[in-house]
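Enquirer: What follows is each chain in one-letter form.
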Amino acid sequence: MAAGDFLSSIELISPTEFAKKKIQSLQDYSILAAESVANLFRRPRYAADMMQQMDLIGFGSLPIVLASVFFTGAALALNSATTLSRFGATTVIGQLVSIGIVRELGPVLAGLVVAGRNSSGMASELGSMIVTEQIDAMRALGTDPLKKLVTPRVVATVVMLFFLTILGDFMGLLGGSFVASLLLGLDAHEYWSNAWQTLVFSDVFMGLIKPLVFGFIIATVGCYYGLSTKGGTQGVGRATTEAVVAAMILIIVVDVFVTRLLMVLLGS
Amino acid sequence: MSTPTLPLDAPAAPGPPPAKDVIAFDNVAIAFEEKIVLDGISFRLPRGETKAIFGVAGSGKSTILKMALGLVKPDSGHIYTLGEEVTVMPEEHLFELRRKVGIVFQESALFDSLTVRDNVAYRLMEEAATSPKEIERRVREALRFVELENTVDLFPAELSGGMRRRVAIARAIITEPETILYDSPTGGLDPVTSTTIVELLIKQRDVSKTSSLLVTHRLQDAFTMATHYFDTKTNQMRLVPAGGRIEAPMSFLLLRDGKVIFDGNLEELVHSQDDYIREYIS
Chain F
197 MAAGDFLSSI
207 ELISPTEFAK
217 KKIQSLQDYS
227 ILAAESVANL
237 FRRPRYAADM
247 MQQMDLIGFG
257 SLPIVLASVF
267 FTGAALALNS
277 ATTLSRFGAT
287 TVIGQLVSIG
297 IVRELGPVLA
307 GLVVAGRNSS
317 GMASELGSMI
327 VTEQIDAMRA
337 LGTDPLKKLV
347 TPRVVATVVM
357 LFFLTILGDF
367 MGLLGGSFVA
377 SLLLGLDAHE
387 YWSNAWQTLV
397 FSDVFMGLIK
407 PLVFGFIIAT
417 VGCYYGLSTK
427 GGTQGVGRAT
437 TEAVVAAMIL
447 IIVVDVFVTR
457 LLMVLLGS
Chain G
109 MSTPTLPLDA
119 PAAPGPPPAK
129 DVIAFDNVAI
139 AFEEKIVLDG
149 ISFRLPRGET
159 KAIFGVAGSG
169 KSTILKMALG
179 LVKPDSGHIY
189 TLGEEVTVMP
199 EEHLFELRRK
209 VGIVFQESAL
219 FDSLTVRDNV
229 AYRLMEEAAT
239 SPKEIERRVR
249 EALRFVELEN
259 TVDLFPAELS
269 GGMRRRVAIA
279 RAIITEPETI
289 LYDSPTGGLD
299 PVTSTTIVEL
309 LIKQRDVSKT
319 SSLLVTHRLQ
329 DAFTMATHYF
339 DTKTNQMRLV
349 PAGGRIEAPM
359 SFLLLRDGKV
369 IFDGNLEELV
379 HSQDDYIREY
389 IS
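Residue numbers (this note's numbering), protein chains in the order written: chain F, 197 to 464; chain G, 109 to 390.
Hint data in this document are derived by calculation from the structure and do not stem from the laboratory. Keep in mind that the hints are not guaranteed to be accurate.
[As the list claims (entries may be wrong)] Just some of the chain F residues that point at chain G, by a computed CB distance under 10 Å: (1) 238; (2) 321; (3) 324; (4) 330; (5) 333; (6) 336; (7) 339; (8) 344; (9) 405.
[Stated by the list, open to error] Which bits of chain G does chain F cover? Going by a derived footprint, with three or more residues having C-beta under 8 Å, they are: (10) 168 to 180; (11) 211 to 218; (12) 225 to 237.
All residues carry an ideal CB built from backbone N, CA and C; glycine is no exception.
Can you build the whole structure from these sequences, using the hints too?
Expert: The structure is reproduced here in structure tokens:
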């Protein structure tokens, strides 16, 4: 293809049109997110679909969440040991791992792993349903897709990410404990005692609020991109990729704001 | 091109259509990405009638069906389905209305994660007003109607294209809707399977007396429907004897460049002097 042909084939879009599209997308996402919550108070409620999604999202993500936080806890202990040993303070590894995992790494890692696995899954599943007219069929058969498909996924992700984070936090501490005991020769009882005693209410509260926010982001972003799919199977692939990227970026950005907000509110 | 056969695009009288009409389009227009697809079309589907809609690919045939159910909103004009103006109804009210109208999508649109049983029973299970035993009885009855009773436990991926289309028909008729919308029910099927599907449409029309809109590329399907009736004694479709008429009225609607250029019965269609129509049906 000649350079001229290539340039002429590029579709140029005016900044106004681009801004309009972005604002429209933001509006559509906001409506979807608000409806997904409002549907909790409207009938019918799809309890069976929620349970099924909880199994798929929660139980399905369990091994990778546990493994990722376990090894992150271990790596955190190793890295901390290098620095702390210079000051002869390796005994406080438990405190460092505990604070790091419970306040920050546990929720964020669980969120990122679940986003990678489930935002893509939701976007591809709903996207495929769009391109094969199954969503239109559902509406034609008298079912609201937001009630049937989106709300159960949002509820399931929020609830299951909360529990996954708790289990992940424990596995992160366990990973740190293995490193502390087996590689650094620290007393396991001392490690766990330090890890436990250093945690205060605000640490645990912060660590358990974040998964609720992240779970909401993961499910609404995945469903939004899935239901906005255009352009056949290629469109499904694009929606899947965009959903994962958007969910991960949002988790990382929102984490900063939630952390700051909770620090102000809790005075920590 | 010569003058269209019937002066159809004159603005219709404002207000709801007569009660005998199950679907009425009044000066409806829609454009996608600045391309005008339908440009002020008006037509009515009287109760008990089957109307076949023709037009080249991209002429807006499927969009008409989706707009009749409120799945797509027009840019202007009014659409009445079962006496309700769907163009102004909020989505939650449309769900109620849609329960009274059956639709068979172009590619069947069966839920691929559900079995044939659950696909056909979907609407009944959603309404949660029918006992599981009654649902099972009605699913089997609907599948028996399309001669696929032995497929209840299969998934859509295990069925052929023709079987999927028949399951979609079973799903559309299980609640005995007043009106059924067929979107290219024979599209992409071999001639033998197409004939089976057309026979089912005739059977549904003559046995249940439902009104329907039939979108199709295949003129012969609509001609077969206009010239055959279903004989319940032999369980087969039969050619209407010379001089006879089918009980359910059949009409034809032809789209061109976003406009309705013909809306009439078989006789008017075959005797049309319009060059485009003559070329289209030849």
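Enquirer: Hint by hint, note whether the structure agrees.
Expert: Verification of the supplied hints:
1. For residue 238 of chain F, the interface hint holds, the least distance from its beta-carbon to any beta-carbon of chain G being 9 Å, beneath 10 Å.
2. Interface restraint check: residue 321 of chain F against chain G, minimum CB-CB distance 9 Å, threshold 10 Å, status holds.
3. The interface hint given for residue 324 of chain F is met, as the beta carbon of that residue sits about 8 Å from the closest beta carbon of chain G, less than 10 Å.
4. Because the smallest distance between the Cβ of residue 330 of chain F and any Cβ of chain G comes to about 5 Å, under 10 Å, the interface hint for this residue holds.
5. Against a cut-off of 10 Å between C-beta atoms, the interface hint on residue 333 of chain F holds, since the closest Cβ of chain G lies about 4 Å away.
6. Against a cut-off of 10 Å between C-beta atoms, the interface hint on residue 336 of chain F holds, since the closest Cβ of chain G lies about 5 Å away.
7. For residue 339 of chain F, the suggested interface contact is upheld, since its CB lies about 5 Å from the closest CB of chain G, less than 10 Å.
8. The beta carbon of residue 344 of chain F is positioned within 10 Å of a beta carbon in chain G (closest approach about 8 Å), and the interface hint is therefore held.
9. Given hint, residue 405 of chain F at the interface with chain G, is violated; its Cβ is 33 Å from that chain's nearest Cβ, farther than 10 Å.
10. Figure legend: the stretch 168 to 180 of chain G, annotated as covered by chain F; annotation consistent (3 residues with Cβ-Cβ distances under 8 Å, at least 3 required).
11. Remark: the stretch 211 to 218 of chain G is confirmed as covered by chain F, as 6 of its residues place a Cβ nearer than 8 Å to a Cβ of that chain, reaching the required three.
12. A stretch counts as covered by a chain when three or more of its residues have a beta carbon under 8 Å from one of that chain; for the stretch 225 to 237 of chain G and chain F the count is 5, and the coverage holds.
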